[in-house]
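Below, each chain spelled out in residue letters.
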Amino acid sequence: SQQGEEDPQALSIQEGENATMNCSYKTSINNLQWYRQNSGRGLVHLILIRSNEREKHSGRLRVTLDTSKKSSSLLITASRAADTASYFCATVPIQGAQKLVFGQGTRLTINP
Amino acid sequence: EPEVTQTPSHQVTQMGQEVILRCVPISNHLYFYWYRQILGQKVEFLVSFYNNEISEKSEIFDDQFSVERPDGSNFTLKIRSTKLEDSAMYFCASSTETGTGELFFGEGSRLTVL
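These protein sequences, in sequence, are chains A and B. As numbered in the numbering used here, residues 1 to 112 make up the first sequence, in order. As numbered in the numbering used here, residues 1 to 114 make up the second sequence, in order.
Please note: incorrect hints may appear among the correct ones.
To be verified - Taking beta-carbon pairs under 7 Å as the criterion, some of the chain B residues facing chain A (in silico):
no.: 1; residue: 5
no.: 2; residue: 43
no.: 3; residue: 45
no.: 4; residue: 48
no.: 5; residue: 56
no.: 6; residue: 69
no.: 7; residue: 100
no.: 8; residue: 102
no.: 9; residue: 105
no.: 10; residue: 106
no.: 11; residue: 107
no.: 12; residue: 108
Claimed, not checked - Computed far set for chain A versus chain B, every beta-carbon distance over 12 Å:
no.: 13; residue: 6
no.: 14; residue: 22
no.: 15; residue: 41
no.: 16; residue: 67
no.: 17; residue: 109
Hints are computed from structural coordinates only; laboratory data are not their basis. C-beta atoms are modelled at their ideal positions from N, C-alpha and C, and glycine is treated no differently.
Could you build the full structure based on these sequences and the hints that come with them?
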């Protein structure tokens with residue numbers, strides 16, 4: 001599979017529930033980032049976790065990184081209808097550090 | 001809050017025509033990028049630009065593509081002779097760091113090639 005693969009591809013939950021999205025990658029990384037994209041809009045940076053970090057928090061977001069498994073997860077707690085969007089993980093490879101390598105994304109729908 | 005702006009928001013062109021997509025990055029940023037997203041697919045890196053030259057480009061960025069920073073504010077992507085498969089959303093981004101930090105993206109330019 002490609003670098004930065006998210007699962008699930010689509011997730012639908014009720015407002016107030018927690019949403020967890022996972023990302024796997026193949027090569028060694030400098031850091032991993034999560035971005036959000038509302039339909040038809042640009043990408044918005046959410047959080048960056050460096051390869052020597054294991055967990056990071058920002059508001060209702062919690063990101064973990066397991067470099068031994070080459071995987072990351074994004075947890076959104078107490079979801080809101082406004083969280084409905086696509087979420088992408090993006091890795092910065094150690095080699096070729098001029099670019100982000102995006103995954104396919106998870107389409108998250110929060111039902112009121 | 002500073003933002004990356006892109007024009008046009010949507011452009012329709014005939015196959016074989018030249019297209020120029022324009023971007024105004026955040027003013028104190030030093031690194032500039034173009035990405036594209038074909039409908040329903042992942043966001044793909046095209047090119048990065050620093051100090052008035054290309055620092056990295058992908059296999060997609062062939063001789064039909066070029067980038068330019070003609071003045072102190074604009075950053076353009078030119079497609080010389082468009083193909084049907086060039087239809088996509090093109091995103092400009094900028095950052096203060098060399099691709100290892102947060103990227104600030106514009107809202108995108110949707111290109112439709114007929």
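We went through each hint and held it up to the structure:
Annotation: interface hint on residue 5 of chain B violated; nearest CB of chain A at approximately 10 Å, more than 7 Å. With a cut of 7 Å, the hint placing residue 43 of chain B at the interface with chain A holds, because the nearest CB-to-CB distance is about 4 Å. Because the closest C-beta pair between residue 45 of chain B and chain A is about 4 Å apart, less than 7 Å, the hint holds. A least Cβ separation of about 4 Å between residue 48 of chain B and chain A falls short of the 7 Å threshold, and the interface hint therefore holds.
Checking residue 56 of chain B against chain A: minimum C-beta separation of about 4 Å stays under 7 Å; hint holds. About 16 Å separates the beta-carbon of residue 69 of chain B from the nearest beta-carbon of chain A, more than 7 Å, and the hint is not met. Taking 7 Å as the C-beta contact cut-off toward chain A, the hint placing residue 100 of chain B at the interface holds, the least distance being around 5 Å. Taking 7 Å as the C-beta cut-off, the interface hint given for residue 102 of chain B holds, the closest approach to chain A being about 5 Å.
Taking 7 Å as the C-beta cut-off, the interface hint given for residue 105 of chain B holds, the closest approach to chain A being about 4 Å. Contact between residue 106 of chain B and chain A, as hinted, is supported at the beta carbon level, the nearest pair being about 6 Å apart and thus within 7 Å. The criterion of a C-beta within 7 Å of any C-beta in chain A is met by residue 107 of chain B, whose closest approach is roughly 4 Å, and the hint holds. Contact between residue 108 of chain B and chain A, as hinted, is supported at the beta carbon level, the nearest pair being about 5 Å apart and thus within 7 Å.
Here residue 6 of chain A does not stay apart from chain B, with its beta-carbon only about 9 Å from theirs, under the 12 Å limit. With a least beta-carbon separation of about 16 Å from chain B, residue 22 of chain A lies farther than 12 Å from that chain, consistent with its non-interface assignment. Here residue 41 of chain A does not stay apart from chain B, with its beta-carbon only about 6 Å from theirs, under the 12 Å limit. The claim that residue 67 of chain A lies off the interface holds: its Cβ sits roughly 16 Å from the closest Cβ of chain B, which is beyond the 12 Å cut-off.
Under the 12 Å C-beta cut-off, the non-interface status given to residue 109 of chain A relative to chain B holds; the minimum distance is some 16 Å.
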